[in-house]
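The sequence shown begins at 11 in this note's numbering and counts up one residue at a time.
Calculated directly from the structure, the hints in this document are not laboratory data. It is possible that some hints are incorrect.
To be verified - Derived lysine-lysine pairs resembling BS3-like cross-links, with alpha carbons at most 25 Å apart:
{"no.": "1", "residue 1": "Lys53", "residue 2": "Lys26"}
{"no.": "2", "residue 1": "Lys53", "residue 2": "Lys75"}
{"no.": "3", "residue 1": "Lys53", "residue 2": "Lys43"}
{"no.": "4", "residue 1": "Lys38", "residue 2": "Lys53"}
{"no.": "5", "residue 1": "Lys43", "residue 2": "Lys26"}
{"no.": "6", "residue 1": "Lys38", "residue 2": "Lys26"}
As the list claims (entries may be wrong) - Estimated spans, in silico, between C-beta atoms of each pair:
{"no.": "7", "residue 1": "Gly46", "residue 2": "Phe133", "range": "37 to 45 Å"}
{"no.": "8", "residue 1": "Tyr78", "residue 2": "Lys43", "range": "35 to 43 Å"}
{"no.": "9", "residue 1": "Lys75", "residue 2": "Val34", "range": "34 to 42 Å"}
{"no.": "10", "residue 1": "Arg57", "residue 2": "Gly110", "range": "34 to 42 Å"}
{"no.": "11", "residue 1": "Arg13", "residue 2": "Val82", "range": "37 to 45 Å"}
{"no.": "12", "residue 1": "Tyr14", "residue 2": "Val82", "range": "40 to 48 Å"}
{"no.": "13", "residue 1": "Tyr15", "residue 2": "Gln123", "range": "47 to 55 Å"}
{"no.": "14", "residue 1": "Asp97", "residue 2": "Ser127", "range": "23 to 31 Å"}
This one's a predicted model, so the numbers in the text were calculated from it and none came from an experiment. Ideal Cβ positions, reconstructed from N, Cα and C, are used throughout, including at glycine.
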Amino acid sequence: IERYYPRLTLDFETNKRICDEIAVISSKRLRNKIAGYTTHLMKRIQRGPVRGISFKLQEEERERKDQYVPEVSALDFTQNSESGMLDVDQETKDLLKSMGFDSIPVNVVAVQQQQVSERPRRFGPR
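With the sequences and hints as input, model every part of the structure.
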């Protein structure tokens, strides 16, 4: 897959023909298994990185993600809220204090409980 990635697709039939061209495979059954697994791996690669398979495109994408710097920091509270402070509940404030983040400006807000409506039963009461 690493060597022939640009030629391989998400289509089994196409991958079967490519396997025929690039390798000497003794039986039709084995060729189909190889093409099927190749197609399966190509679909997994589309979703994200696959362990054990590393090629230039995947490495470049990983580098790009590592080098990404957001325009506005998530920790810059002056941009994120009107008061310039982070709104947290008392429990979160205690957690920040225990971790040594006393210097972060926080605004303690009461927790609002939301009532979850129960889904109607499909077959009536039980």
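**Asked** Does the structure break any of the earlier hints, and which numbers would those be?
**Response** none
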